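S.K.: Sequence:
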Amino acid sequence: MAIDMSQFYQVFFEESAEHLAEMESLLLGLDVGAPEDEDLNAIFRAAHSIKGSSGTFGFTDLTAVTHVLETLLDRLRKHEIGLRPEMVDAFLEAGDLLKLLLAAHQGGEAVSAEAQEAICEKLRQLSRDEGAEAVAAVVPETVVVPAESGVDGGWEIEFVPTPASLAVPETLENFLEDLGRQGRLEVLSRSSGPVPSLWQLRLYGQVARESLADSLDFVAETDAWRLSPLAAPAAAADEAFGLFDDAPGAPQDETAYGFFDDAPGLAPAAPAAMAEEGDGYGFFDPLPEPVAAEDALAPIPAVAEEGEGYGFFAPLPDPAAAPAAVAEEGDGYGFFEPLPANAGAAAGVAEPPVLEEGEGYGFFVPLPQAGTMPAVSEPAPAPLASPPAAPAVAPTSVAAAAPAPLAPAAEARVESRPKAPPVAAGDSSIRVGVEKVDQLINLVGELVITQAMLLATAQEMQEAAPERLLNGLTQLERNSRDLQEAVMSIRMLPISFVFSRFPRVVRDLSGKLGKQVELKMSGETTELDKGLIEKITDPLTHLIRNSLDHGIESPEKRVAAGKPPGGTITLKAAHQGGNIVIEVGDDGAGLNRQKILAKAREKGLAASDQMSDQDVWALIFEPGFSTADQVTDVSGRGVGMDVVRRNIQALGGRIEIESMTGIGTRMTVRLPLTLAILDGMSVAVGEEIYIIPLSYVVESLQPKPSDIKTVSNQGRVIQVRGEYLPVVVLHEVFAAEPKVREFHQGIMVVLNADGAKAALFVDGLVGQHQVVIKSLEQNYRKVQGVSGATIMGDGRVALILDTSALVAMAKGQATDGAA
Numbered sequence: 001m002a003i004d005m006s007q008f009y010q011v012f013f014e015e016s017a018e019h020l021a022e023m024e025s026l027l028l029g030l031d032v033g034a035p036e037d038e039d040l041n042a043i044f045r046a047a048h049s050i051k052g053s054s055g056t057f058g059f060t061d062l063t064a065v066t067h068v069l070e071t072l073l074d075r076l077r078k079h080e081i082g083l084r085p086e087m088v089d090a091f092l093e094a095g096d097l098l099k100l101l102l103a104a105h106q107g108g109e110a111v112s113a114e115a116q117e118a119i120c121e122k123l124r125q126l127s128r129d130e131g132a133e134a135v136a137a138v139v140p141e142t143v144v145v146p147a148e149s150g151v152d153g154g155w156e157i158e159f160v161p162t163p164a165s166l167a168v169p170e171t172l173e174n175f176l177e178d179l180g181r182q183g184r185l186e187v188l189s190r191s192s193g194p195v196p197s198l199w200q201l202r203l204y205g206q207v208a209r210e211s212l213a214d215s216l217d218f219v220a221e222t223d224a225w226r227l228s229p230l231a232a233p234a235a236a237a238d239e240a241f242g243l244f245d246d247a248p249g250a251p252q253d254e255t256a257y258g259f260f261d262d263a264p265g266l267a268p269a270a271p272a273a274m275a276e277e278g279d280g281y282g283f284f285d286p287l288p289e290p291v292a293a294e295d296a297l298a299p300i301p302a303v304a305e306e307g308e309g310y311g312f313f314a315p316l317p318d319p320a321a322a323p324a325a326v327a328e329e330g331d332g333y334g335f336f337e338p339l340p341a342n343a344g345a346a347a348g349v350a351e352p353p354v355l356e357e358g359e360g361y362g363f364f365v366p367l368p369q370a371g372t373m374p375a376v377s378e379p380a381p382a383p384l385a386s387p388p389a390a391p392a393v394a395p396t397s398v399a400a401a402a403p404a405p406l407a408p409a410a411e412a413r414v415e416s417r418p419k420a421p422p423v424a425a426g427d428s429s430i431r432v433g434v435e436k437v438d439q440l441i442n443l444v445g446e447l448v449i450t451q452a453m454l455l456a457t458a459q460e461m462q463e464a465a466p467e468r469l470l471n472g473l474t475q476l477e478r479n480s481r482d483l484q485e486a487v488m489s490i491r492m493l494p495i496s497f498v499f500s501r502f503p504r505v506v507r508d509l510s511g512k513l514g515k516q517v518e519l520k521m522s523g524e525t526t527e528l529d530k531g532l533i534e535k536i537t538d539p540l541t542h543l544i545r546n547s548l549d550h551g552i553e554s555p556e557k558r559v560a561a562g563k564p565p566g567g568t569i570t571l572k573a574a575h576q577g578g579n580i581v582i583e584v585g586d587d588g589a590g591l592n593r594q595k596i597l598a599k600a601r602e603k604g605l606a607a608s609d610q611m612s613d614q615d616v617w618a619l620i621f622e623p624g625f626s627t628a629d630q631v632t633d634v635s636g637r638g639v640g641m642d643v644v645r646r647n648i649q650a651l652g653g654r655i656e657i658e659s660m661t662g663i664g665t666r667m668t669v670r671l672p673l674t675l676a677i678l679d680g681m682s683v684a685v686g687e688e689i690y691i692i693p694l695s696y697v698v699e700s701l702q703p704k705p706s707d708i709k710t711v712s713n714q715g716r717v718i719q720v721r722g723e724y725l726p727v728v729v730l731h732e733v734f735a736a737e738p739k740v741r742e743f744h745q746g747i748m749v750v751l752n753a754d755g756a757k758a759a760l761f762v763d764g765l766v767g768q769h770q771v772v773i774k775s776l777e778q779n780y781r782k783v784q785g786v787s788g789a790t791i792m793g794d795g796r797v798a799l800i801l802d803t804s805a806l807v808a809m810a811k812g813q814a815t816d817g818a819a
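If you read the sequence shown in this note's numbering, its first letter stands for residue 1, the second for the next number, and so on.
It is possible that part of the hints are untrue.
Said to hold, decoys possible - Think about it this way: if two alpha-carbon atoms lie no more than 20 Å apart in a straight line, the pair counts; the simulated PhoX-like pairs of lysine-lysine are:
1) K595 with K557
2) K535 with K774
3) K99 with K436
4) K774 with K530
5) K603 with K811
6) K757 with K774
7) K563 with K520
8) K811 with K709
9) K572 with K520
10) K530 with K436
11) K512 with K557
12) K530 with K572
13) K572 with K535
14) K757 with K811
15) K704 with K739
16) K709 with K757
As the list claims (entries may be wrong) - Pairwise CB distance ranges (calculated):
17) R431 with L483: 21 to 29 Å
18) Y9 with R468: 50 to 58 Å
19) K436 with L776: 35 to 43 Å
20) G767 with Q106: 41 to 49 Å
21) G767 with P163: 55 to 63 Å
22) K595 with E742: 31 to 39 Å
23) Q614 with T474: 31 to 39 Å
24) F497 with G624: 44 to 52 Å
25) G107 with R431: 19 to 27 Å
26) L765 with F8: 52 to 60 Å
27) D89 with T537: 53 to 61 Å
Everything labelled a hint here was simulated from the structure, so no lab data went into it.
Predicted model only: the values in this text are computed from it and were never measured.
Glycine residues also receive a C-beta, built at the ideal position from the N, C-alpha and C atoms.
With the sequences and hints as input, model every part of the structure.
M.R.: Take a look at the structure:
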């Protein structure tokens with residue numbers, strides 16, 4: 001039955017995106033003059049993984065590009081050619097193309113073949129520039145690849161493909177082509193059906209074991225393949241797919257992968273006889289002689305000899321044969337002791353036999369001698385049925401071509417390759433769809449709301465509620481909060497998912513602008529909600545580009561100002577209270593106050609020389625505002641910073657600017673840790689309850705009548721600590737019926753949004769709560785001043801206020817009144 005591979009597409013897309021991100025990060029960190037071998041190998045493995053996976057899913061365009069890419073990378077890591085800056089540029093361009101191809105396959109679109117061929121040709125040209133042959137298309141060629149020290153002639157390769165590899169023929173064909181590029185390949189036996197069976201190959205040439213191991217890991221499990229040097233087939237036969245340890249008397253290869261202890265006492269004569277036949281000490285059938293390539297794909301003969309064992313093991317002896325004959329064939333092939341002649345006779349219990357060294361080869365306790373077998377009540381197990389024989393195919397010969405010899409350093413890396421440690425079960429992870437996580441979070445949120453309602457009901461009952469009930473509800477509240485925090489942590493991701501793309505942005509843009517810029521990042525492990533991760537990327541990208549274009553000066557201007565020619569952009573992230581704070585700073589020229597004021601007056605904005613620096617810097621967030629002298633494809637149109645502020649405000653955050661002329665500029669973005677829960681202050685207006693995000697609250701106070709002033713019979717302001725703040729009357733905004741109308745009888749809540757302050761007039765304060773945010777936009781239109789809703793403990797719905805919109809509303813009223 002064919003496997004529907006489409007169910008695995010999303011996993012492939014996600015894993016490929018991760019490989020590309022890793023590849024880009026490593027490329028940007030390469031020292032072109034002296035690249036680290038480990039980095040080159042990691043970049044190659046990332047490209048090789050994408051190639052193998054794309055071939056499995058039939059994405060031939062991805063396979064073609066990664067083939068050319070990995071071939072050049074392979075030559076680099078083997079030190080056949082040297083790394084040059086233009087190669088890094090080409091690799092990054094190839095990575096961009098692969099991203100486009102992945103996005104195209106996800107969206108059912110297509111990328112022009114010309115773009116693909118242009119990148120491939122650029123990579124081939126880089127190879128030709130080195131004086132080497134061009135990287136060819138994905139076809140077998142004659143290659144002689146240098147080998148691991150001590151291996152001459154090639155390898156015998158035996159493996160059992162995984163079911164997933166068999167389900168998609170392209171996977172194994174790509175594997176054979178990969179081997180064909182490393183040496184002269186002969187396919188001795190292969191299967192074409194869905195049932196995994198033994199494949200036997202011979203690869204002639206000097207080929208490093210590490211290279212073959214990397215290829216085999218894509219088509220077979222680690223313990224289901226074996227490599228035997230052709231120069232000494234007997235010495236390598238003991239690998240036995242990593243299933244059994246060395247039997248004494250056999251040449252030691254230390255390649256049994258530690259599955260079983262050594263089996264002592266094996267007679268040396270039998271292994272010697274087997275070694276002559278090359279049959280792997282009774283573990284494998286002899287390899288058939290190679291035949292011509294044209295016969296390799298002949299129809300598979302239906303062979304079903306009893307006891308053939310799918311080609312894994314030598315034939316079982318005739319059941320009628322005497323046990324002695326089995327011993328002559330190698331003592332049960334090294335697995336079992338021969339059965340005694342009267343093993344079936346039952347008798348009384350006797351002294352247990354003393355084990356002689358080597359009996360059972362370390363696998364089983366020897367059977368008791370005749371006459372000592374205790375009687376048992378259980379029936380004897382039925383004999384095993386003989387398995388069907390594996391299909392076999394005649395060998396095929398694949399020719400291949402030869403790169404330059406491997407450098408000694410590369411050879412040493414192969415020899416000293418450490419065995420990968422096993423991954424602990426606690427370190428494993430699973431991929432879960434975001435919609436499932438969101439559903440779980442919503443259910444936990446409902447649980448928290450239900451718990452709050454129960455607790456509120458019990459508290460209203462007062463003495464009627466038993467103390468045990470109240471204690472239980474209090475414990476339920478703690479457990480619900482712990483559960484909510486644990487579930488919320490599932491959506492938390494390190495902000496490195498965003499930061500990792502900025503080295504590429506800085507590298508490309510600084511080169512385009514002719515500036516020398518270094519990016520310094522810190523706090524990459526700071527965690528943020530996945531929804532915020534996805535939405536903060538564009539605003540941060542614009543801030544980085546803005547610092548590069550407007551902040552950092554050209555090398556000539558920096559030197560003239562007494563600065564080093566290269567500038568620095570810093571990107572930091574850290575937790576502060578219930579928020580995450582992200583800083584984007586530069587050591588450039590800083591903001592020009594007079595230039596900003598002049599541009600503001602030119603655009604008709606309210607601007608005066610008495611404005612504070614914070615108010616002047618805030619002008620750059622006005623729509624259409626730009627101080628650039630000329631429009632470029634980077635900046636100058638004035639459509640960036642206002643969008644940045646709107647997007648950050650939509651996330652419940654705010655942005656602040658600090659700048660000093662000649663020293664630099666720092667922009668600070670403050671965001672909530674998550675979009676699902678909120679720490680808020682609840683206030684009352686009449687019978688309604690509203691929630692103010694706590695991060696915007698500066699203070700609350702009850703004003704005196706003399707503190708309130710009216711400006712031109714329109715706007716009202718309140719004097720707070722020597723500063724006049726515009727007033728927003730909440731019951732007027734939402735047309736609610738208040739219990740308090742006089743300012744001195746109610747409460748003023750001072751708010752701060754993006755450096756702008758305002759006072760919000762309400763009837764009174766209710767308390768501080770952590771609430772679950774519910775979106776209203778799915779069922780209601782957007783209402784100015786409202787960002788969402790929540791359900792209170794008493795079951796009432798409370799609106800969550802959009803603080804930034806209310807502050808902007810207050811500023812507009814004050815401006816209109818002043819006019």
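S.K.: Now tell me, hint by hint, if it's right for this structure.
M.R.: The hints, checked one at a time:
1. Proposed proximity of K595 and K557 is supported: the alpha carbons are some 18 Å apart, at most 20 Å.
2. In summary, the hint linking K535 to K774 is supported, as the alpha carbons are separated by about 18 Å, within the 20 Å threshold.
3. Straight-line distance between C-alpha atoms of K99 and K436 comes to about 26 Å, which puts the hinted pair past the 20 Å bound.
4. Straight-line distance between C-alpha atoms of K774 and K530 comes to about 17 Å, which keeps the hinted pair within the 20 Å bound.
5. Between K603 and K811, the direct Cα distance comes to roughly 19 Å. Compliance with the 20 Å bound is thereby established for this hinted pair.
6. For a cut-off of 20 Å, the pair hint linking K757 to K774 is broken: about 27 Å separates their Cα positions.
7. For the hint linking K563 to K520, the alpha-carbon distance of about 18 Å falls within 20 Å, and the restraint holds.
8. Between K811 and K709 the alpha-carbon distance is near 15 Å, which keeps this suggested pair within the 20 Å criterion.
9. Only pairs whose Cα atoms come within 20 Å are accepted, and K572 paired with K520 is accepted, the gap being roughly 8 Å.
10. With a C-alpha separation of about 14 Å, the suggested pair K530 and K436 falls inside the 20 Å cut-off, and the hint holds.
11. Of the pairs offered as hints, the one joining K512 and K557 holds, with about 17 Å between alpha carbons and a cut-off of 20 Å not exceeded.
12. For the given pair, K530 sits about 18 Å from K572 by alpha-carbon distance, which is consistent with the 20 Å threshold.
13. Distance hint between K572 and K535 is fulfilled; the C-alpha atoms sit about 18 Å from each other, no more than 20 Å.
14. For the hint pairing K757 with K811, the CA-to-CA distance comes to about 9 Å; that is within 20 Å, so the pair holds.
15. Distance check on the hinted pair: K704 and K739 sit about 18 Å apart at the alpha-carbon level, within 20 Å; holds.
16. The hinted pair formed by K709 and K757 meets the criterion: a straight-line CA distance of about 16 Å does not exceed 20 Å.
17. For the pair R431 and L483, the supplied restraint of 21 to 29 Å holds, since their beta-carbon distance comes to about 23 Å.
18. Take Y9 and R468: their Cβ atoms lie about 54 Å apart, and the range 50 to 58 Å holds.
19. As the Cβ distance of K436 to L776 is approximately 24 Å, the hint placing it in 35 to 43 Å is violated.
20. Evaluation of the 41 to 49 Å hint for G767 and Q106 yields a pass: the beta carbon distance comes to about 47 Å.
21. Taken as a hint, the range 55 to 63 Å holds for the pair G767 and P163, whose Cβ atoms sit roughly 60 Å apart.
22. Distance hint check for K595 and E742: the Cβ-Cβ separation is about 47 Å, which falls outside the suggested range of 31 to 39 Å.
23. A beta carbon spacing of about 45 Å between Q614 and T474 contradicts the range 31 to 39 Å that was offered as a hint.
24. Separated by about 32 Å at the C-beta atoms, F497 and G624 break the suggested range of 44 to 52 Å.
25. Checked against the hint of 19 to 27 Å, the pair G107 and R431 passes, with Cβ atoms roughly 20 Å apart.
26. Against the hinted window of 52 to 60 Å, the Cβ-Cβ separation of L765 and F8 comes to about 55 Å, which satisfies the hint.
27. In this structure, D89 and T537 break the distance hint of 53 to 61 Å, their C-beta atoms being roughly 24 Å apart.
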